[in-house]
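Could you build the full structure based on these sequences and the hints that come with them?
One letter stands for each residue in the lines below.
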Amino acid sequence: MWRLFKTIVSRDLLLAFRRRAEILMTLFFFVVVISLFPLGIGTDKQILLRIAPGVAWVAALLASMLLLERLFAADYLDGTLEQMLLTPQPLSVVVMAKVCAHWLLTGLPLVLISPLVALQYRLGDEQMISMMLSLLLGTPALSMIGAIGAALTLGLRGGGILLSLLILPLYIPALIYGAGAITASVVANAPEQAYYMLLGAFTVLSMALGPWAASAALRLALE
Amino acid sequence: MWRLFKTIVSRDLLLAFRRRAEILMTLFFFVVVISLFPLGIGTDKQILLRIAPGVAWVAALLASMLLLERLFAADYLDGTLEQMLLTPQPLSVVVMAKVCAHWLLTGLPLVLISPLVALQYRLGDEQMISMMLSLLLGTPALSMIGAIGAALTLGLRGGGILLSLLILPLYIPALIYGAGAITASVVANAPEQAYYMLLGAFTVLSMALGPWAASAALRLALE
Amino acid sequence: MVPWFAVPAILLTIGGLYWGFFQTPNVLSDQKQYYRIIFVHVPAAWMSMWLYVVIAGWSLVGLVFNTRLSFMMAASTAPTGAIFTFLALWTGAFWGKTSWGTWWDWDPRMTSELILLFLYIGYMALHSAIDDVRRADRASAVLAMVGLFAVPIIYYSVNCPDPNQCTALHQRSSMEYMESNILWSMLTMTLAFWLYGFAVILKRVRSIILEREKYTEWVNELPEIRSQQG
Amino acid sequence: MADMTDAVLQAEGLTCIRGDRCLFSGLSVSVRSGELLYLQGANGVGKTTLLRALCGLFHPDEGQISWNGRPIKAIGEEFFSRLLYIGHQSAIKLEFTPLENLRISCALDGLYPEDGVLWHVLERAGLRGFEDLPARMLSQGQKKRVGLARLFVNDALLWVLDEPFNGLDAGAVEMLQEVISRHVAKRGMVILTTHQEVPLASDGLRCLRLGE
Amino acid sequence: MADMTDAVLQAEGLTCIRGDRCLFSGLSVSVRSGELLYLQGANGVGKTTLLRALCGLFHPDEGQISWNGRPIKAIGEEFFSRLLYIGHQSAIKLEFTPLENLRISCALDGLYPEDGVLWHVLERAGLRGFEDLPARMLSQGQKKRVGLARLFVNDALLWVLDEPFNGLDAGAVEMLQEVISRHVAKRGMVILTTHQEVPLASDGLRCLRLGE
Ligand code: HEM
Ligand SMILES: Nc1ncnc2c1ncn2[C@@H]1O[C@H](COP(=O)(O)OP(=O)(O)OP(=O)(O)O)[C@@H](O)[C@H]1O
Ligand SMILES: Nc1ncnc2c1ncn2[C@@H]1O[C@H](COP(=O)(O)OP(=O)(O)OP(=O)(O)O)[C@@H](O)[C@H]1O
Ligand SMILES: [Mg+2]
Ligand SMILES: [Mg+2]
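Residue numbers (the numbering used here), protein chains in the order written: chain A, 1 to 223; chain B, 1001 to 1223; chain C, 2001 to 2230; chain D, 3001 to 3212; chain E, 4001 to 4212.
Just some of the chain A residues that point at chain E, by a computed CB distance under 10 Å:
(1) R3
(2) L4
(3) R11
(4) L14
(5) L15
(6) T80
(7) L85
(8) L86
(9) T87
(10) Q89
Computed footprint of chain B on chain D; a stretch qualifies when at least three of its residues, placed anywhere within it, have a C-beta under 8 Å from a C-beta of chain B:
(11) 3057-3069
(12) 3080-3088
(13) 3093-3099
(14) 3104-3110
Because the hints were derived from the structure by calculation, they are not lab data. Just so you know, even glycine gets a beta-carbon here, dropped at the ideal spot from N, CA and C.
Rendered as structure tokens:
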């Protein structure tokens, strides 16, 4: 079981590394997105400070969305997913593995690159820390929820779409608390713990329910 | 020729409506990005006014990117693209048709929904007008340039990120002048004509060169 | 042929750096010694822009006359260009840190260079993402052509975001009132970078050719290949 | 169709190199109207590659492909208008019904038949009753049939079919055979490849075996 | 493999309704080890549906499928560990080399053979020299072979093969046939469907013709 988990994770990572440029690409993609805002908004230090949290989290959302269809679609089209349903292990292991890989490909790079955001947006050190922390806590939830949405929209039965529309708004709490935490540290040096608690709780919750929902959706999509 | 154009456009539109999730995804993403910033920044009117143009335009860039990957991918996988290469009509007609469809699916909805942004950011009417106008002028260029990127990255793993890495820098002029136009109307009631001129020129230029580049890239991708 | 460029490149770099760092009077005392970075900074910046034009040129030749060599040249030029771009940004940032007290400022020139870096990276990423050589060459050539049209527009838009009063263009170009021997040492560095560029590019294109032609017989005639096989 | 005059597709000295391996070199072949060229050869020997090259979808590393003596690269669209290529992939959209799929692929060929014709064609293709289901709900062979239905509408001079019999049941195979031989009989030209030994009963039959 | 003891897959009173069309109703069939069940029938008659139902991938509207007397839904994973299903789609990733594809599909079956074995298997599948190319660069039949290579590694008791011969050349078809009959000979069980008439020379052969 643990072995299957590892196999699938490493497989998905390998898929990503197959284009050796890809991991770097993720990083540079963030830099590009981040650099766009000042071009559009202007480079007044105050403004930059204010928008930094939003920018970071929009980048996170975009990243996990951009890579979401890769999550199951490819395996669905070429029939690998059928095979995964037939594995002797429970399906939720597969789901967790794929989510984990997805996070390693999207969430983690963002966490790692976020100091650059802080630099470009003139954030102080402890603000940089809080940005990294909030991203670290929140992005797994994005991947997990995204997985549910991806599984639901997979077969594209009418119901799936409607449900996935119910799913997408679930992103919002993560965004609010994540951005909120950074803002708290940027603007009013308000206590941030509360934000982190909520963010963490949200992630844990999604991790608890996500795999079950996602694998149910997968079975539905495949019959 | 004109008839082929119409057929392809209507076909792509029909396809998109069959899988509704896509259109909704674009709009949803746009709205989320837009509403995220007030959440993160707080609703100080001055700041909102300042960042409104930039946020709107960056959101537009990113949102129109979401569907780009699928512009040719589906047709590529199931072999339709091969058939399109073999049509008696020049390939650039096909490209233009697909770009047009893509704009109707991404650019237009954004233009229509932008008044919502204006509302959220407390913009006045004439500022709202200028926002819609700038989006109307600029988004076609986004679709066209995006098509080039999509054709170039066709069938490549992780196309989504690579694609955005390629085209986002090319988007910058549209971003600067689009946002600039709105800012001009928001902050200093400076004359905006110049912006619109440049924006339009940019779009026209991309329309003139884009189809050539895109169809060249397509032929490459298919052999 | 490579050494013909490599050796003078090294010599000139050393010479230029020495000249720049120790032979130039301490003008711009407000910036203390930091300003000497300019001897790396500016030439690097120049090279970075010039090399992109070179790439586009080779790509055009390749697309029109369908010559494989020119594609190889373009492909092998890109990394050097990226390196120079990064060098310019990095030294610039360093300079900014010391003289302006900030790593990064959204000054147009810096921004446009940053965008140029993105373009380079995009070019290289595309080329490395396609494993069919033929398609890789032509696809990235098309990209370079598009870039050729885009770059001037982007530069214009970045340098003059407000078309109504377009003052930002060519700001802060203090070339004219610059000490002649500072200028000269800078030019030396530029020349040095030129030669370095030639050397590296030729080296790279050589290896690329060898890799792609490894099935043709003339390659196997080459001494070092023989020695490897034998 | 308009003119079934004598046309000839000619390939001289074709050399195709995929990756590191040379599939074929110096291959010359010509097809004239009223002939059926039957490509044979093991898996991976280069049949599909050759077919796509003959359609102008793939540029051979060396050699010249000409239609009525003029290189197909030069006459591009004119050649395409005489060509009908059906490849491995069915080129149908799973979201569309067979009817819509057929209509679109016709439009790509520059044909705009009215629905009556399309319904009739789909029935001949053995899809009666399935015209209005999304293709996602069709079986493998039924999808294949949707792709092949174009043969009933399109009267291009040159048909290039890559393993058209895959996944078809006995009845469909038979039907397809007679469609093909009828096309050849009225001086069309057909190039196809398949691994099943099907009796291609037509006089103009010529075989080309790759990979020897 | 561990035990080739007598096992039996039994389906009673199966009824499948896809869309609004009843494919089959009250269908009962059973396969025991040492037998080969050959599904026949026209396109769209429900062969694939039946196969998927027998694998537990598709839940029939009525009826009961049991493995050694216990319903497969109940024993889920235990049944899957005895099952090998190869469907229409090849289930291979175009970015991966045949070697990696094979390794992954083995891992999904819970097998972790070392590379030596995999190389050997691929050679038997006729892919020598292609082990390290991305599967995107393989021909249609070669991709199919990669998918089928699992048969050499996996010694599950029950094989379910949906049109395994599609797109294979004569040699490959022959090879596949003998692999199948060998499996049956050593008291494995096979359920397959195909449209090509291939001589399935094995004593335990039983035919089931759908759609009459
Ligand atoms: C991180 C980015 C950069 C920083 C912080 C930076 C900073 C500086 C500073 C402090 C100077 C000293 C000259 C003065 O203060 O007037 C300077 C000069 C110069 N920089 Fe940069 N720079 C950066 C990027 C670039 C780029 C990308 C270019 C090329 C387009 C560039 C071109 C020049 C040139 C030509 C000079 C010498 C002429 C002059 O003194 O104005 N710089 N830079
Ligand atoms: N995109 C590609 N890049 C590199 N090599 C390729 C590519 N496509 C095919 N090949 C190689 O070309 C050879 C011939 O492929 P092709 O598809 O023409 O074979 P085929 O004769 O059609 O085989 P099949 O009967 O299985 O369809 C194969 O050996 C394959 O390795
Ligand atoms: N996802 C689906 N939803 C609804 N109906 C379906 C679906 N898939 C298949 N069907 C219907 O079930 C019937 C049987 O499909 P199936 O794939 O089992 O046929 P088959 O016997 O495998 O045909 P073939 O020989 O072409 O593979 C078809 O008529 C098809 O219309
Ligand atoms: Mg083939
Ligand atoms: Mg079937």
